[in-house]
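There are 2 protein chains.
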Amino acid sequence: MKQKITFPRSEKVYIPGKLFPNMRVAMRKVEQVPSTTFEGEEKIITPNPDIFIYDTSGAFSDQQITIDLKKGLPRLREEWIQSRGDVEQLSEVSSQYGRMRRDDHTLDSLRFEHIALPYRAKANQPITQMAYAKQGIITPEMEYVSIRENMNCEDLGIETHITPEFVRQEIAEGRAVLPANINHPEAEPMIIGRNFLVKINTNIGNSATTSGIDEEVEKAIWSCKWGGDTLMDLSTGENIHETREWIIRNCPVPVGTVPIYQALEKVNGKVEELSWEIYRDTLIEQCEQGVDYFTIHAGIRLQNVHLAEKRLCGIVSRGGSIMSKWCLVHNQESFLYEHFDDICDILAQYDVAVSLGDGLRPGSIHDANDEAQFAELDTMGELVLRAWDKNVQAFIEGPGHVPMHKIKENMERQIEKCHNAPFYTLGPLVTDIAPGYDHITSAIGAAQIGWLGTAMLCYVTPKEHLALPDKEDVRVGVITYKIAAHAADLAKGHPGAQVRDNALSKARYEFRWKDQFDLSLDPERALSYFHAGKHTEGEYCTMCGPNFCAMRLSRDLKNTKTKE
Amino acid sequence: MKQKITFPRSEKVYIPGKLFPNMRVAMRKVEQVPSTTFEGEEKIITPNPDIFIYDTSGAFSDQQITIDLKKGLPRLREEWIQSRGDVEQLSEVSSQYGRMRRDDHTLDSLRFEHIALPYRAKANQPITQMAYAKQGIITPEMEYVSIRENMNCEDLGIETHITPEFVRQEIAEGRAVLPANINHPEAEPMIIGRNFLVKINTNIGNSATTSGIDEEVEKAIWSCKWGGDTLMDLSTGENIHETREWIIRNCPVPVGTVPIYQALEKVNGKVEELSWEIYRDTLIEQCEQGVDYFTIHAGIRLQNVHLAEKRLCGIVSRGGSIMSKWCLVHNQESFLYEHFDDICDILAQYDVAVSLGDGLRPGSIHDANDEAQFAELDTMGELVLRAWDKNVQAFIEGPGHVPMHKIKENMERQIEKCHNAPFYTLGPLVTDIAPGYDHITSAIGAAQIGWLGTAMLCYVTPKEHLALPDKEDVRVGVITYKIAAHAADLAKGHPGAQVRDNALSKARYEFRWKDQFDLSLDPERALSYFHAGKHTEGEYCTMCGPNFCAMRLSRDLKNTKTKE
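If you read the protein sequences in the order shown, they are chains A and B.
Every number in our numbering is 433 more than the matching position in the first sequence, counting from 1.
Every number in our numbering is 433 more than the matching position in the second sequence, counting from 1.
Source of the hints: derived by calculation from the structure; they are not laboratory data.
Check before you lean on any hint, since a few could be wrong.
When chains are identical, the list treats them as one kind, so a pair holds in a single copy or across two.
To be verified - Dumping the calculated DSS-like pairs for lysine-lysine here, alpha-carbon to alpha-carbon at most 25 Å:
| id | residue 1 | residue 2 |
| --- | --- | --- |
| 1 | LYS476 | LYS743 |
| 2 | LYS445 | LYS850 |
| 3 | LYS904 | LYS437 |
| 4 | LYS839 | LYS925 |
| 5 | LYS841 | LYS925 |
| 6 | LYS437 | LYS567 |
| 7 | LYS503 | LYS925 |
| 8 | LYS445 | LYS839 |
| 9 | LYS904 | LYS839 |
| 10 | LYS839 | LYS850 |
| 11 | LYS841 | LYS743 |
| 12 | LYS462 | LYS703 |
| 13 | LYS503 | LYS445 |
Could you build all of it, start to finish, from the sequences and the hints given here?
Below, the structure is given as structure tokens:
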């Protein structure tokens, strides 16, 4: 497996904190070539500024650091966590299942070797970023994200509202989430909230018997290379405990899971045998491995399940259909809803965030914005307040399939009913008729809902509805969602967001092809397409050729002007 | 070259007119398999309705018709045109250049053999669809589009406002354009206007020495297969007169060109040598070949050219930069603006529509909605009234690169300043940072502006800014734009637009995979992605596998419910 990540003419740089001078924020710096112009015969060389790019690739792109997947990434946050003095390292893992797997020596060959013992909050210590924020404490994590969100601003004199104190306020009020499980100190801090850069999540994970551990770790690193801000491991097959350990130890971004998937594996796929006890043990197991956020479908209420019967496509959320079935089989309120306070008590001990899963999200244009969907949203609004009471950071998952004219209602209603908690949507897909191209149908909706205020967009790959994505699908899915998120950042006027567009466009106008490629989201692809043109005339691409190159003609104009 | 177009389980059908019973409107019919459900042990089979799909593939998808590219397509509209009695067939082509090419026997091997003599309006006869519409005449072309726009409505009892009389009114008032050069009788009537289905245009054409005639004709047919509603031939290399003839004779959709490109070739690329006389001859040449609409950059005014100097990217329209340079070199108003009435007099004789080219469209996020762009829009608003005075159908071209929050202003201003003439935009691209993926950056903008009222979207391929598109790029570009256009149709509530989404989603829910594929925009790709999953378990795709298939669980729920 290729472990190093490189980008052309890019350098890994670290910006030190001001409040925490030992803390260094990683970024990618692209050095531009200077511009060349002529005044008469005189050649004038003007330098172009370095451009900083938000970097999710962690130590993999630092050529100074030796990567050893068997040891995992450097534990960046461990010192910060320890120095707060409010957590303790346990003498062994707490979950039954975790111990069982540990003691099963047939798994030794699969196992990540250097598992550290887990941390947990000392008794009655509130250790979440939200708890600190409410107390007025600015953590290194908070300063980290403030610097990260402001790239290029200081250098180019762009005003910004994103101070460490602003970050603290947003977290304290629940408008933003900083996922930061104390057992995933390898992750670089990032923030999810509508007053910050729009983030994207990528999903990986095997199903049934497809793909092994190596392949999933490789996909995780690959996703981080292209710009995934968080990573959900949705594995449902064999050895998901061990796969997850490998992924978390080598993942520089927050990791999310849907614990009900593993719980269901533990009862051999028999929904009716799921129980609070099995689920609880799974939560603890994953909290101690270092999962940063859990999707929990606690919004499914027995009284609302029947609402999906009116639909064209019923329930399309895996977790939603599992919990709905459980409720009906037992004719009982779901244990996720009933035990939601207990769940929050567990999550608070590790600073795991809850992502309230939308089990009743619409799976077709026909079902968008229906009673079932909005009834669940109301429940999520109730649950988010309960999470905050326990200092658990929370966000809300959203659709799905929604035609453009119904997107706004989703966002406005979510803000109102869920008290400004961040929204995290899957697309939405704005039409159902393009399987094979659903990264595009969904990017159209994602860009719009991101502009309206959605904080994180869950990517969709070209294989959606058809098959598990391969590496190429992951790449295309990530880039497509980087586009949607960045388009939303521009429309929201995020400070400095337009710097990269301006630099790339200036490079394009000046025929600095290398800069145009190197500043783009996918330099390799841009370059390969350019070469596919078999252009022979140096400066001009085959799209128009030299005589019809508007950029050349437009530059000539300036000279025409000068001659007058 | 493969000439026949096939789609799985599809049949070419023809719906006869009511006003014109001999006129038959082509559509594609997809037959669905029935649904199977169980009530207890009893198997219940319920049929699903046929779904009609808007079909741009012409005779190529009619298995009853023998295609011979050397003879061209059937001349569908010739009888309608002749029967109106207001045109005459000329004894030879009128343009000097056309005669010169005809008499050059070194071109014989390249030439389309069966060139018919051109038609032209009899003296003082107003023969445009707009002229008829203003007189209250409903033509067969108008009824054709009314039936085409209403597919599925009558069968499924969906109300629609699109009657032949409504079509007539929209054309009379300039809100819609029905491109219909009397010398392109092979084209099937279609309509461009904001109260109709959103249309997409695809661009083909060689540049410099890339690609030959065969390849361009093949791309044209390919574009029509995937759903291109009109086709612009932007060739700028050798033999563009002959290439164009081959394309038009074999093109079932309206063809557009930018005549200034060919005019520039005639003066060997020397902008300063362009003149009204050369341009005029080029217009006549192309009118008589059968081009259905011309992009004409008559909105470039000498007084406005300097406005582009403030830009990051100057002028990015090829036609715009050519005309701007001409104005500056001669320090003179452009001959396109000065001779606009003469241009309209020519176009009216053949019913060629004018597409007012936006020579000053922004080519970067930075330059969007600037003074240069809007000054040109004001001029276009003046010109469109002059076109309508001559009964010339007209539409307006638009940007380009525009961030999402500036899209609405474009649409609203265009409607106001251009008196409701249809808008035809390129994208817009909502960010500059994704070369290699500009079909996606632009589809995000295209869907939005389509929803807001843009009538036709010019496609962008993955190779935009980098190289000429190949066949695969054309396919991806067309499908991407079909998605954007269809998303806009759904959001606008076009009658019957949601029928296909509902049918596909129902098929998905019922595991009728074949229907899911066959109803999709690109059945071949959807199927190949499904197979790439190497699924072995029949009904389930590898994305979730059988135990985690929400659709299966959701169907199970219904049974769970029943058992209670």
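So, going through the hints one by one against the coordinates:
1. LYS476 x LYS743: Answer is between; shortest inter-copy Cα gap is 22 Å, intra-copy 72 Å.
2. LYS445 x LYS850: neither (42 Å within a copy, 50 Å between copies)
3. LYS904 x LYS437: within (16 Å within a copy, 35 Å between copies)
4. LYS839 x LYS925: both (20 Å within a copy, 11 Å between copies)
5. LYS841 x LYS925: Both, since 15 Å and 15 Å are each at most 25 Å.
6. LYS437 x LYS567: neither (39 Å within a copy, 68 Å between copies)
7. LYS503 x LYS925: neither (42 Å within a copy, 54 Å between copies)
8. LYS445 x LYS839: Result: close neither inside a copy nor across copies, 42 Å intra and 35 Å inter.
9. LYS904 x LYS839: Neither: 33 Å inside a chain and 35 Å across chains, both beyond 25 Å.
10. LYS839 x LYS850: Close inside one copy (17 Å), not across copies (29 Å); limit 25 Å.
11. LYS841 x LYS743: within (23 Å within a copy, 36 Å between copies)
12. LYS462 x LYS703: neither (51 Å within a copy, 43 Å between copies)
13. LYS503 x LYS445: within (23 Å within a copy, 60 Å between copies)
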